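Trainee: Given the coordinates of chain B, assemble chain L onto it according to the supplied hints.
In case you want the letters, here they are:
Protein chains: 2
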Amino acid sequence: MEELTSRTNPAVKEYVKLRDSRSYRYQTGCFVLESHKLVQEALDSDVLVETVWMTAKAMEKFPELLKTALEKKIPVVQISKEIEQKCTLTGNAGGVFARCGGLKIIDKTQEVTKIGHDGKYLFLVDLQDTGNVGTILRTALALGVDGVIVSATTCDLYSLKVLRASMGCLFRLPVYRSSAPAEDLKNLSRRFVTYAAVVDDQAMPVGSFSFAVNSIVVIGNEGNGLPEEVCSACAHRITIPMKGRAESLNASMAAGLLMWEQMKKT
Amino acid sequence: MEELTSRTNPAVKEYVKLRDSRSYRYQTGCFVLESHKLVQEALDSDVLVETVWMTAKAMEKFPELLKTALEKKIPVVQISKEIEQKCTLTGNAGGVFARCGGLKIIDKTQEVTKIGHDGKYLFLVDLQDTGNVGTILRTALALGVDGVIVSATTCDLYSLKVLRASMGCLFRLPVYRSSAPAEDLKNLSRRFVTYAAVVDDQAMPVGSFSFAVNSIVVIGNEGNGLPEEVCSACAHRITIPMKGRAESLNASMAAGLLMWEQMKKT
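Those protein sequences? They're chains B and L, same order as listed. Residue 34 in our numbering sits at position 34 of the first sequence, with consecutive numbering throughout. Residue 97 in our numbering sits at position 97 of the second sequence, with consecutive numbering throughout.
Fair warning: there could be bad hints in the mix.
Said to hold, decoys possible - In silico DSSO-like cross-links for lysine-lysine, where the CA-CA straight-line distance does not exceed 30 angstroms:
#1 L:K72 to B:K243
#2 B:K264 to L:K265
#3 L:K86 to B:K243
#4 L:K243 to B:K114
#5 L:K114 to L:K67
#6 B:K17 to B:K67
#7 L:K243 to B:K161
#8 B:K37 to L:K243
#9 B:K264 to L:K161
#10 B:K37 to L:K57
#11 B:K243 to L:K37
#12 L:K264 to B:K264
#13 L:K37 to B:K265
#14 L:K13 to B:K243
#15 B:K86 to L:K161
#16 L:K61 to L:K72
#17 B:K243 to L:K161
#18 B:K57 to B:K114
#19 L:K73 to L:K57
#20 L:K114 to B:K265
#21 B:K161 to L:K37
#22 B:K86 to L:K86
#23 L:K86 to B:K161
#24 L:K13 to L:K81
#25 L:K57 to B:K265
Worth flagging that the hints you see were computed from the coordinates, not collected in a lab. Predicted model, so just to flag it, every value in this text is computed and none were measured.
One chain only, chain B, in its complex shape (with noise of 0.2 angstroms):
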């Protein structure tokens, strides 16, 4: 087995910058993971694992997960205590990351207008929190809604902390990309019922109506909202109604109420 020891090597030099920036990982086509439970996920789906990266204690702890890695043929290397400290983005990796690649094949096909003629989806236009992001991607899978839909502008799903947020959900759930959302919506009311969520006391209240068998619910960054483009190309705006004083829910908590309602049966 191949054996890493220095900080220094070109290759934990080259994982750092996959972990770090974004345009790099859409330049290469890769992205990388932490965690045991994370790199199961990647090994256990249909994800591109490219190289495995365990420390001799994890190897230890782990014994499942190096098996299926070399089951499938993957390169498992051992790396020092130091590289793992150096790498961690979270401080408690434990000792377990991988490389992945595949990354600009996967975005190909998930242009939005590849998008099936039925079916319950979720549409985020421009969140940038990665903790909200990965969570809604989480209970979208747990509620069983059948795709999201992103904004070009929406962070990068392929971000260590949108990752483990989501607990590797990503490599589960169809994920579509959008560049023009209010253009992409007006296509799409052709065959999905759409919903706008806003702030307004004056929008639809949601578990006073029914959502469409076929629908689209849209949410809009945690500060600003959804833009006005966006809502008047969709045929309804619904709100969550408030009880209290509170301003408003935290986005990942109004989208997991949202999908909810959603997914009940008419």
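Mentor: Coordinates of chain L only, in the frame set by chain B:
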């Protein structure tokens, strides 16, 4: 106006101690806040704000806050940039801090035995993630829950991280304390219908039944769930049905969905 410039001033040291030590908070009955938003929330509520600290820049930027404090005859101390850096936990306090008192009094009035005879409550048993607990409090207030009961083993609500994630909602939401959750739930069951939230296919699926008018929903620890003795003390076991392969929802998301259903008019 008094001015503080030295990072080694005893008042600064005490601020940091109150920020970092739960036991010191309970020993003195004091806690601290940072950020314009939180301090304003505290000034606008019944919280006993003892002192407000502001940098010269913050005084220019937040004249309303300064005015409120002075009108309430609360001493305002001007602090240096160095003291701001020493005191801030999050790095974005915006030059505004406060020291508040009255913790013991708040505690005493909030034993779970003081809870009313009707209403809709949430009971948190052993939750440890400060971000989750803060988000739950914020959501509870927004959805109109009558109050939240927390076990003594749940993380300290007066830690700055909870106060920040809850956006100050703690000041406006009735909170009760329970040192013996199973026993307290048995007593509360005489007046309320109690629901233990579990991850279990055999439990009653949320969405398939209506919550009682007077109800308590009980949520457990992020990793371990609820202890069996707490479940046994409740009238019902309920679960959020999962449609995807994700193992579970984030604890605050699960609590949010449960409160949403609990608050629905039947």
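Trainee: Each hint: holds or not?
Mentor: Verification of the hints:
no.	hint	result
1	L:K72 to B:K243	holds (29 angstroms)
2	B:K264 to L:K265	holds (17 angstroms)
3	L:K86 to B:K243	violated (38 angstroms)
4	L:K243 to B:K114	holds (23 angstroms)
5	L:K114 to L:K67	violated (36 angstroms)
6	B:K17 to B:K67	holds (28 angstroms)
7	L:K243 to B:K161	holds (24 angstroms)
8	B:K37 to L:K243	holds (20 angstroms)
9	B:K264 to L:K161	violated (34 angstroms)
10	B:K37 to L:K57	violated (46 angstroms)
11	B:K243 to L:K37	holds (21 angstroms)
12	L:K264 to B:K264	holds (15 angstroms)
13	L:K37 to B:K265	violated (40 angstroms)
14	L:K13 to B:K243	violated (40 angstroms)
15	B:K86 to L:K161	holds (27 angstroms)
16	L:K61 to L:K72	holds (19 angstroms)
17	B:K243 to L:K161	holds (24 angstroms)
18	B:K57 to B:K114	violated (44 angstroms)
19	L:K73 to L:K57	holds (21 angstroms)
20	L:K114 to B:K265	violated (40 angstroms)
21	B:K161 to L:K37	holds (26 angstroms)
22	B:K86 to L:K86	holds (28 angstroms)
23	L:K86 to B:K161	holds (28 angstroms)
24	L:K13 to L:K81	holds (16 angstroms)
25	L:K57 to B:K265	violated (54 angstroms)
In summary, the numbered hints that this structure violates are 3, 5, 9, 10, 13, 14, 18, 20, 25.
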